[in-house]
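Asker: Residue strings, one per chain:
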Amino acid sequence: MNIIVVGCGKVGTTILESLVAEGHNVTAVDLRPSALADITNIHDVITVCGNGADSDTLEEAGVEQAGLVVAATGSDEVNMLCGFLARKMGAADTVARIRKPEYNDRSLQTMKQYLDLSMAINPDRLAAQEMYRILRLPAAVKIETFSRQNIEMIELKLKDDSPLAGVPLFDLRNRYKAKFLICVVQRGEQVFIPDGSFVLQGGDKIGLTARHAEIQKLLRGMGVASKQARKVMILGGSRVAYYLAKRLLNAGIEVKIVDKDRTVCETLCELLPAATVLCGDGTQQELLLEEGLERMDAFVALTGMDEQNILLSFFAASHKVPKVLTKVNRRELSALARQLGLDCVLSPRNTVADVLVQHARALENSMGSNVETLYSLMDEGAEALEFNAKDDPRLVRIPFKALQLKPQVLVAGIMRGRETIIPTGDDVILPGDKVVVITASHRLQDLADIIK
Amino acid sequence: MNYRMIGNMVGRLLLLEAGLLLLPALVSLIYREASLWALLAAAGVALLLGGALTALVRVRDKTIYAKEGFVIVSLSWILLSAVGALPFVLSGEMPSYVDALFETVSGFTTTGASVATDLYAFSHGVLFWRSFTHWIGGMGVLVLMMALIPTGTGRTIHVMRAEVPGPIVGKLVPRLRDTAKILYLIYLALTVVEIIALLCAGMPLFDSFIYTFGTAGTGGFGMHPDSVGSYGPAVQWIITVFMLLFGVNFNIYYLLLIRSFRPAFTSRELWLYLGVVLVSAGVITANVLPLYAGIDEALRQAVFQVSSIVTTTGFATTDFNLWPGLSKGILLLLMFMGGCAGSTAGGLKMSRVMLLGKTVVRELKRLVHPRSVGVVRLEGKRVEEETVHSTAAYFILYMALLAVAFLVLSAEPFSLETNLTAAITCLNNVGPGLGDVGPMGGFAAYSVLSKVVLTLTMLLGRLEIYPLVLALLPGTWTKE
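If you read the protein sequences in the order shown, they are chains A and B.
Under the numbering used here, the residue at position 339 of the first sequence is numbered 339, and the numbers go up by one with no gaps.
Under the numbering used here, the residue at position 461 of the second sequence is numbered 461, and the numbers go up by one with no gaps.
Watch out, some of these pointers could steer you wrong.
[Unchecked claim] Pairs of lysine to any residue, SDA-like flavour, derived with a Cα cap of 20 Å:
#1 A:Lys159 - A:Leu126
#2 B:Lys381 - A:Gln201
#3 B:Lys62 - A:Asn41
#4 A:Lys246 - A:Gln201
#5 B:Lys381 - A:Gln109
#6 B:Lys67 - A:Asn41
Since the hints were derived computationally from the structure, they do not count as laboratory data.
Using the sequences and the hints, build the whole thing.
Answerer: Written out as structure tokens, the structure reads:
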């Protein structure tokens, strides 16, 4: 598909990179020639220098043949105008990044409708959403939801003394009497799709699917603490902090926000009357301790500086805060932070890129590909794909134990009507099911590709 | 420095060359010539070397930077020529390896300068290979490789930038591989049309191939000592038109294909190119009118020679050595200009000449108004200051190189005119010069040293100096 990405900042570049890897023909548009020069050196794209809200620039970028236009400049207004113009000039679909809180209320619907945008993405809100999900279930490092949030995959990091370690997977199900599936395991750099004889080790990061209702019970049984956070401290009064705090407060969780800018604090105070907003330098450890860092259930580092976030996360972890979330924007640093031992490192850019790749998939799906949606897992070491099952005699109505699946492929969940099935060897795929497949090495185009 | 990736790319290129050598081998087979074995042996050497490189060198990391791009291009062209020279030597039709290398490099760089003393002594297969090198080198052999074989990295733009001539190298479509495919399809289509046109004009099939390859790559190898002189006016006009067509920026053909006519016809470079051809041809026609029977013949000779020189093809229909000084002077200057950027022509390129001219105007203006701010524009778009500087630097390097080559040649017992134009014609990949290296002469009389220097000059001219110079710098090769 021909895709135009307008705005090549951090977010734009991440989006563009994921889209090129997906095999799309990408045209990058930006005002700064130097940014474009860097991009052509690394990514296989064509560039157009100009203002994305200018019809001449859009025309030069080939907007008439574009299947999707992504407006991701730093300015919401330019993005809106760009999306609007692109749609009027013949682009099949438009997505705009809109992140100012004042646009992200009821007016968003109106705007989307009149501007003919198929999606407005707000990286800050998406990141806040992800963080919120984790804080609700603090044992998880990350939570992925598939199939319109009906199937959840929880990523956990096993401690060295975990009761799961050292036991083959086929014994685990009998032991816990619950339907769950360990779909993917990351050990060091390597990613495995485990089979029944796989033995887990301490330090592994695992992805686990289970029925929503059974997750809490299961985690308790496994001896993984899963008490929901009650008191959360947020460092940095960014937009992500605002969205996160708002959600947490709505759920009745106590929130403390620390920022050093007085006006930022005052605005937050005005918008979130229930939160405790503190004006002070969050890098001063004394201040954090005075405000009861040690009594917190969770600490979220959301300042604009990656380095600061990483360091203060270590400080919080050293004071035995049970859950520490770190926002890191630069990819190199997030890998480094994970290596150093921070397990919950989130990057708003990657979240946005994932959402867009899924959107592009969905668009192409309407053009004939069978993949419904795609999610990348475990630092892109594995991917989850969602298919609509067709009436294929090689596949449907055959119990899984009789199917010859390819190695490194696993069916993680099936949605049948409103029912979620975590498959065992006796389950079957029926036509019309939505099937979530996890794979580490294959490029699957069709559900039938999972069998040998 | 990613040595493994370099080895892999060069290896793949040699495999491609092995495949390409099969085409002249087929010609040899048809004519039942002994040169078949020489061509197959050369293909075997390429296969062996390329196979060894690709099989033994495991690529762990596909990341390449500009530096690797330069080295890949330089090494590829050197090895390509080294292997490409083998058929000449093995068939015994050109026993000296230095001569064979000169001939091959002259072919791949689309120069068309020859050290062959008797063209009729070549077998059909070797003659076909000699001209086929023009076709391969014209559009760029690595571009061909990219079109045929997926490389699996988004960074091959560095290779394309190093191989494709012109001050600014852009893509036509987002994917580099698709860009390479489009360029080659246009190239192939034009080539086929020319072959058919020449056949229709009554040229034999084999001759049509030879002269089309020479035109398409803007090379200039023919099969007769008088180049195109012995063919009729119809053939000469067809070749004139196609020489001019291959000197046009291929982006313009793409724009026409996607029906984007306005940007295609408002290209300043295109108009400058056509203007230069028209004015030069007009002046020369008037100048040489007394030498020919009528205005139609004078016009045909003038237009042919001008097209041949400005596109750096180097075909000739007459010995322009015998023309008056004014005409020779114009032709000499045209050698420097070359065709449009993004075409198969050599020389400085029209867009670079425009860029240099505009820079000079800006600097002059700055002398008068010291505070004036100037931005250089090309095709209605601002040119980055970096590009302006690198173009100026390129011009200096280019002139310096010309001086060095000329100095080495000056040791030879030929006239100043011969030596100077020999250096100019090789650096600009034209082919014929003036004096003893004129259209009816050749480079056979030069010493081994001069031939080696001219071979290097041709390569430097084709790759636009930087890649080869950077590949020779020791700093490029240090591990980090």
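Asker: Are the Cα atoms of Lys381 (chain B) and Gln109 (chain A) separated by 20 Å or less?
Answerer: violated (39 Å)
Asker: Run the distance test for Lys62 (chain B) versus Asn41 (chain A): straight-line Cα separation, threshold 20 Å.
Answerer: Satisfied, since the Cα-Cα distance of roughly 14 Å is no more than 20 Å.
Asker: For the pair we were handed, Lys67 (chain B) and Asn41 (chain A), check the Cα-Cα distance against 20 Å.
Answerer: With Cα atoms ~12 Å apart, Lys67 (chain B) and Asn41 (chain A) stay inside 20 Å; holds.
Asker: Does the alpha-carbon distance linking Lys246 (chain A) and Gln201 (chain A) stay inside the 20 Å limit?
Answerer: violated (38 Å)
Asker: For the pair we were handed, Lys159 (chain A) and Leu126 (chain A), check the Cα-Cα distance against 20 Å.
Answerer: Outside the cut-off at roughly 29 Å; violated.
Asker: Do the alpha carbons of Lys381 (chain B) and Gln201 (chain A) lie within 20 Å of each other, as the hint requires?
Answerer: Violated, at about 60 Å.
Consistency with the previously given hints fails for numbers 1, 2, 4, 5, ordered from lowest to highest.
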